[in-house]
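**Student:** What follows is the residue order along each chain.
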Amino acid sequence: MAQAEEIKIRKYLLGQLTEAEEEQVELRLLTEPDFAEEYDIVVNEITDDYVAGKFEGQELKRVEEHFFKATQRRDKLKFALALKQRKAEVDADKTKKRWFRPYLAIAAALVLLAGGGFYLWRVSSNNSDLNKGLAALQAAFREERPLEARISKFDYAPYSTTRGSGTEKIEQDELRRAELILLTLKKNPTPAVHYGLGKVHLAKKEFDQAIQEFDEALKGDPRNSQIYSDLGAAWLEKGKIDTEKAKADAADMTAGKGMEELGRSLENFNKALELDPNLLEALFNRALCEEQMTLYVQAENDWREYLKKDQHSAWADEGRRKLQRLEEQQNKKGRTKEQLLKDFLIAYEFKDDDAAWAALSLSRGRTGNLIVESLLDGYLSPPAGAQTKLAQNNLQMISYAGRLEEERVRDRYTSDLAAFYNSTKPGDCEVLVQARILMRAASGRYGVGEFDQASELYSNAKRSFAAAGDQCEALFADSWLGYCQLRALDAEKGVQHFEQLTRTFEEHRYLSLAAQSLQALADAESSLNELSKTLELSNRAMKLSEEIKDDATTVRCLTRLLITMLVFGDYPRTLQLFLRATSLAEGLPSDPRLVWPIYYETGLVFHFLRVPSAAIAFEEEALRLANVANVALLRSRSRERLGVLLSEQKKYEEAIRSGKQALAEAENVSGERAKTNMIAHSMLRLGRINSQAGKGREALSYFTKSLELYQKLDSKLYLYEAHKGKLIADLQLNDDIAADSELPIVIDLFEQHRKKISEESNRDKFFDGGQNTYDLAVDFAYSRKRDVGQAFSYSEDSRARSLFEMMHRGSQIAENSSLPEITLGAESKPLTRLKIQERLPKQAQLLEYSVLDDKVVMWVVTKSAIESGETSISSDELERKTRRYADALARPGQTDSDSIIRQAKNLHARLIAPVEKYLDRNLVLIVIPDKSLNYLPFEALMSTTSGHYLIEDYAIERAPSATIFVESSEQAKTRERGTNERLLSVGNPEFSRAEFPSLPNLPAAAREVAQIASFYQPEMHLVGEAATTRRVKGALATADVIHFATHAVADERSPLLSKLLLAREPLTSTTTAGSNGVLPVAEIYETKLPRARLVVLSACQTGIELAYRGEGAIGLARPFMVAGVPLVVASLWPVDSEAAADLMVSFHKHRKLDHVSTVEALRRAQLEIINNHQPDSQRNYGWAAFTTIGGYAAF
Amino acid sequence: MAITLEPFDALLAWLDPDRDIAGTKYETIRTGLIRVFVAKGFSDAEELADEAITRVVRRLPKIRDTYVGEPARYFHGVARNLILETYRRKEIATEVSPVSWIQITHRSDEYECLMRCLQFLTPTKRDLILDYHAYKGHDKIETHQAMAKELGISKGALRLRALHLRSQLEECVLRCIENLKKQTKGAAGSIGDSGAGNRSVSHGPGRRN
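Protein chains in written order, with my numbering: chain A, 1 to 1195; chain B, 10001 to 10209.
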């Protein structure tokens, strides 16, 4: 009996069907004995499920009040309870386990409760049993606690990190008892029960379930500080596990996820302490969490705070130990310059090369190698009385350092330096001493931001070194001239300078300097918004610095990568980079300036991840580091960032105060250009804060001043942000004229990024984050200017640009990083509105959507007209509705039919009705969705007036943009070659079960292709073992129609790693490694299919894997479009294999026998299912999952 | 209300010219009606089913020649009306106690009778019925899968086997309880003497869902 029928019977029995549906069930009961038998089975199952405690909430109520209303059913219940009791006794006898005996009575009672429960018990005894359960839970861990974090109300028990199996000191009996009691109570799921169950899961380290239960508990008890504390503990322990993974594998992205989880943990501890500042568990846990997040000083402060509140408990002893360890660690962390020198001297004395190299390698930095510099100073200016001996000794040590450096990492700088000084005549030394004095003076000026003076001093030093023949130090001084150019905001000169220097350093094999130079080059490119170049250079620099074990440079590279990934919106990777950078920095001599940007930028990541507590905590740490470094520039940046975060939390007064402090700090920055730059930046942030506070006039003033200052500096880095801020302020002030002139500037600046980001995924993410720029433009043109055409053009300009670029220029996969990446050009411009209308096939009408914050704008475009409509709905609400509807269709039986119909009508009323009067039923309707609408099956929307599905009234397909639709339509035209189509169909390949053990066999897919094949001539259908990668690839190029009925496997690391499963090649001597039984998406992107006119992807969710704002849906259909296929039939969600097979056979039958187009054939197949629906069967919406994507085609 | 033989014959003839087929159809309709009434919460479902059949029999002479369609549909219409009538009648009916109050102890009739009736089953069947229905909260699917595998049959076949076994056992338990009640009232009775699964002949299977 089909599962759908079972579900229907179940609903009938629970009184969840409409009258008409009930009638269908009842008639079958009166006529079909088999159905009646199935019905009896379901009655038994519901009874048993009730006894097993599987119902909750409303459903439980229905069962109790509706299902068990008749005496017959109650008799059945009694029977089931008796059965359950008997079973429990039989089991108990069988197992005879020691643990069960003392609790036999309890367990038997529990069985009864699980089966029937009883009302009075619930009311009066619920709490006492809950307490019993919790007491048992605590008793289970009385010898040793399960987690490092504190679980609320648990007595102290030590925590051991070295336990063997992890269970030896746990009282299993008690744990089981606790679980039994609480699971039984779940029949009446109060917040306290959810909370208790959450604790059980937490203690059992089932963190996801714990989080779920705590979240449920908070819904009913939102001000319970203990729940927040325990929820935080669950996130903390989960985060710890995930971040630990990074230690084993630096490329493991779980680490980033772990940091995010730790952030969520902190959020919950803060909430708990907000509700109850004396909640010791939360304070204890927060200190643990902060330590884990490398917020050591905050952790120390929290331990001190904790010990003030709890001085004598065992918990306090543990806290004291942790504080002591933290303090010791802080003291040990990072050897000082003096310590490193001492280490080196001892190592030299004992000829311990490893120890000497360890000290040397940690001493490298942008200011040179601290040990070598110190030795050189000693050589050039030895203390009186020990000149010759000490000088000679120092020189020998420098030579030794040079030899080690060359031997260990093949860097020649120190050895060349030693060679030079070994050959120096005594008379030259004075010149060199003076040059080094100039270097120190320059460094002092640089440190306070006086870059012009610093530059002059470095220049003089460079000349002196060169005059004395010291090429090494002359080049070193030259690199500092480059840093001055960068700090003085002359990025273009900086690029030229460091390009030249990099080459020179590489030629001389001055590898540490080469890595630093590459990194400086990356910084320079970043200042010019050349994000892809930045990425490439940082990666090169990092590779080199890692090779030569120059950790300080590696930390700088990681910081730059972190900032770039932040711009791209790749937060997990950013957090992963944070962990790597901080872990490396901890081993280096303490340098607050080196780590400040890591914390500063990571705070912003947490802000974007909507974890405000962590964001503030990181920014506070950055501010602390800025204060330790005593650099006004860093203090100013930290203050303004805190202002922005406070403003996001709507704490506008505090935000503005912080912003003004930042401005005041900026005034203290030394050096005119640096100061102006900082003032401009602070004003930019103050503009944003004021804008958010609704102070449009003040915002406009700050943005305008900021812009003026940036123009004065001729700096382009923040121009886009400043102009965009000004545009928003103009709109706030209803100054349409100013906004109208600002808008093209903003769009132009925004679009410049397209050329500067060449990796597809980064570009898509960047434009996803910035899509609101285009949304602002659409809204302004539509709502303020009432220019429908202009609004459409803005919408179109933001759509599927990467896809269009690839369709035009092809795509190249770069494999130089850990994940494959498509490298893109940026030459393809979308068509103008007039061109779109001119080239639009006369049989088509476009329906393009733009989902804005508070409304959806829609345009109907035909060859001769453009009309528009709108619907008021927030983008969040629309997303909820869309997801809910798509989910309901994807999971038949989970939502009742009435609700589905209501949703279908509601969405139709919002998305179709406003423009329905402009739609022509004789034309194909091309839907161009936006944002969440990419997931919506438009075909299944239902008219409120006619009750028709949209597919009943229109032939529908979808396209990523109007431009792509036009291009694909023209592509289709070139592939019209009569009706004699060559078919390649692939069904149920014998894929690797070992690699994909969870995927089922697809016998229906084999049937599907066999039946489809009968409609085509010539045809090739490859099934089972015959459907090998080699055969399929070989046949792709010559097929007109390609049909895949197999598994599609998405890869969450990158859509380019997703694949269609095929059969492995049989193992022979000629089998290559590439014959691996898959067709990877990356390969399809690089393929050209000059003949294929249609690809059908009869697999799971091939139409959409993920969706970016702007770029739209990314799925398996996309690479085929890039490969030149004008039409792709794909699915929006996973569909039952049998249903998909039936639909596909019907689709091809209509296509070939009715001689209709692909779109019409799919429509007929879908209508067939709609019209042939058996009134008394569960409605299946598998048909709505399939859609045609691409252009208009006659075939 | 009893149905006399002649109209009953007429009813069977209306259901199908072949008397055997008609008999089967009658059984299906009657048990179906009982299931419907139970589903609607009526404890006197059998009486209501008989009442519905009686009404159809009574109207049969008038509709026999004109009614088009499946006779079961007519029965269903009558049953629906009966449900509405009965609902109206029972509007002020006393509430029964909440189902969650039900409890079973070792002294319960149900438990005692179950113990007795289980003795009539082979050990294999006894294990099957206990294992199949009395799973723990979350491992129903796993339990059933493992059982089907162990028995070497499909899950569907196992479901049916369990249903039939349970029906037998339930019937035995019900009869046993009736007998126990009679005993407490001083009337002697025995259990299991008619064999688990025997059903009354005149009105077909006694209890349906």
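By construction, these hints were calculated from the structure, which means they are not laboratory data. Some hints could be false.
To be verified - Rough simulated footprint, nothing fancy, chain A against chain B, three-plus residues with beta-carbon under 8 Å:
| # | region |
| --- | --- |
| 1 | 10042-10049 |
| 2 | 10061-10073 |
| 3 | 10114-10121 |
| 4 | 10140-10154 |
Said to hold, decoys possible - Calculated pairs, DSS-like style, for lysine-lysine (alpha carbon to alpha carbon, straight line, at most 27 Å):
| # | chain 1 | residue 1 | chain 2 | residue 2 |
| --- | --- | --- | --- | --- |
| 5 | A | Lys204 | B | Lys10155 |
| 6 | A | Lys87 | B | Lys10062 |
| 7 | B | Lys10140 | A | Lys205 |
| 8 | A | Lys271 | A | Lys11 |
| 9 | B | Lys10140 | A | Lys11 |
| 10 | A | Lys905 | A | Lys917 |
Think of the CB as a built atom: it goes at the ideal place given N, C-alpha and C, for glycine as much as any other residue.
**Student:** So, for every hint listed, does it hold in this structure?
**Tutor:** Hints and how they fare:
1. 10042-10049: holds (count 3)
2. 10061-10073: holds (count 3)
3. 10114-10121: n = 3 at 8 Å, threshold three: holds.
4. 10140-10154: Violated, because only 1 residues of the region 10140-10154 of chain B bring their Cβ atoms closer than 8 Å to Cβ atoms of chain A.
5. A:Lys204 with B:Lys10155: Roughly 33 Å separates the two Cα atoms, so the pair is violated.
6. A:Lys87 with B:Lys10062: The given pair, whose Cα atoms are some 55 Å apart, is violated under the 27 Å limit.
7. B:Lys10140 with A:Lys205: holds (24 Å)
8. A:Lys271 with A:Lys11: violated (42 Å)
9. B:Lys10140 with A:Lys11: Holds, because 20 Å separates the two Cα atoms, which is no more than 27 Å.
10. A:Lys905 with A:Lys917: The hint holds at about 17 Å.
Consistency note: the structure conflicts with the earlier hints numbered 4, 5, 6 and 8.
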